[in-house]
Amino acid sequence: MNPQPNPIEEEEAPKRIIIRSEPEQKTKKKNNNNKWKRRTVSAVRDFPPGCGPPENYKRRDVSAVRDFPPGCGQRRSDA
Numbered sequence: 001m002n003p004q005p006n007p008i009e010e011e012e013a014p015k016r017i018i019i020r021s022e023p024e025q026k027t028k029k030k031n032n033n034n035k036w037k038r039r040t041v042s043a044v045r046d047f048p049p050g051c052g053p054p055e056n057y058k059r060r061d062v063s064a065v066r067d068f069p070p071g072c073g074q075r076r077s078d079a
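full-length UniProt numbering applies: residue 1 is where the sequence shown begins, and numbers increase by one.
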């Protein structure tokens, strides 16, 4: 003799609901996951003088050389 299940107990039992997302939602979710995978690193670097990026170098002015020795750096018009 098999006992029959009580219909009231079956209705009160929690039901599983499977929701399938639309393709747009999958894309959105995928983009959000990528956002968290991006890793950024910031560091404060203290370079000694003369080392590191160009912003650390003092600007040096280069003076123009106007006095050339004879025969150097200019066209020779007396040739």
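Each hint should be verified, as a subset may be incorrect.
[Said to hold, decoys possible] Listed next, with one range per pair, are the computed distances between beta-carbon atoms:
1. Arg39 - Arg60: 30 to 40 Å
2. Val62 - Ser42: 47 to 57 Å
3. Gly71 - Val44: 34 to 44 Å
4. Cys72 - Pro49: 33 to 43 Å
5. Thr40 - Phe68: 36 to 46 Å
6. Ser42 - Arg66: 24 to 34 Å
7. Ser42 - Phe68: 42 to 52 Å
8. Asp61 - Val41: 45 to 55 Å
9. Asp67 - Arg39: 52 to 62 Å
10. Cys72 - Gly52: 33 to 43 Å
11. Pro49 - Pro70: 32 to 42 Å
12. Arg60 - Thr40: 54 to 64 Å
These aren't lab readings, by the way, just hints derived from the structure by calculation.
Note that CB positions come from ideal geometry on N, CA and C, so glycine has one too.
Structure-based check of all given hints:
Remark: the range hint 30 to 40 Å for Arg39 to Arg60 is upheld by a beta-carbon distance near 38 Å. The beta-carbon spacing between Val62 and Ser42, approximately 35 Å, falls outside the hinted interval of 47 to 57 Å. Judged by the Cβ atoms, the range 34 to 44 Å given for Gly71 and Val44 is violated: they are separated by roughly 53 Å. In this structure, Cys72 and Pro49 meet the distance hint of 33 to 43 Å, their C-beta atoms being roughly 35 Å apart.
Separation of Thr40 from Phe68 is about 53 Å and departs from the stated range, judged on CB atoms against 36 to 46 Å. Here the CB-CB span from Ser42 to Arg66 is close to 47 Å, at odds with the stated 24 to 34 Å. Between Ser42 and Phe68 the Cβ separation comes to about 50 Å, which falls inside the hinted range of 42 to 52 Å. Taking the beta carbon of each, Asp61 and Val41 are about 36 Å apart, not inside 45 to 55 Å as hinted.
Take Asp67 and Arg39: their Cβ atoms lie about 57 Å apart, and the range 52 to 62 Å holds. Against the hinted window of 33 to 43 Å, the Cβ-Cβ separation of Cys72 and Gly52 comes to about 37 Å, which satisfies the hint. A C-beta distance of roughly 40 Å is found between Pro49 and Pro70, which places it inside the suggested range of 32 to 42 Å. The beta-carbon spacing between Arg60 and Thr40, approximately 34 Å, falls outside the hinted interval of 54 to 64 Å.
Checked against the numbered hints given earlier, this structure breaks hints 2, 3, 5, 6, 8 and 12; the rest are met.
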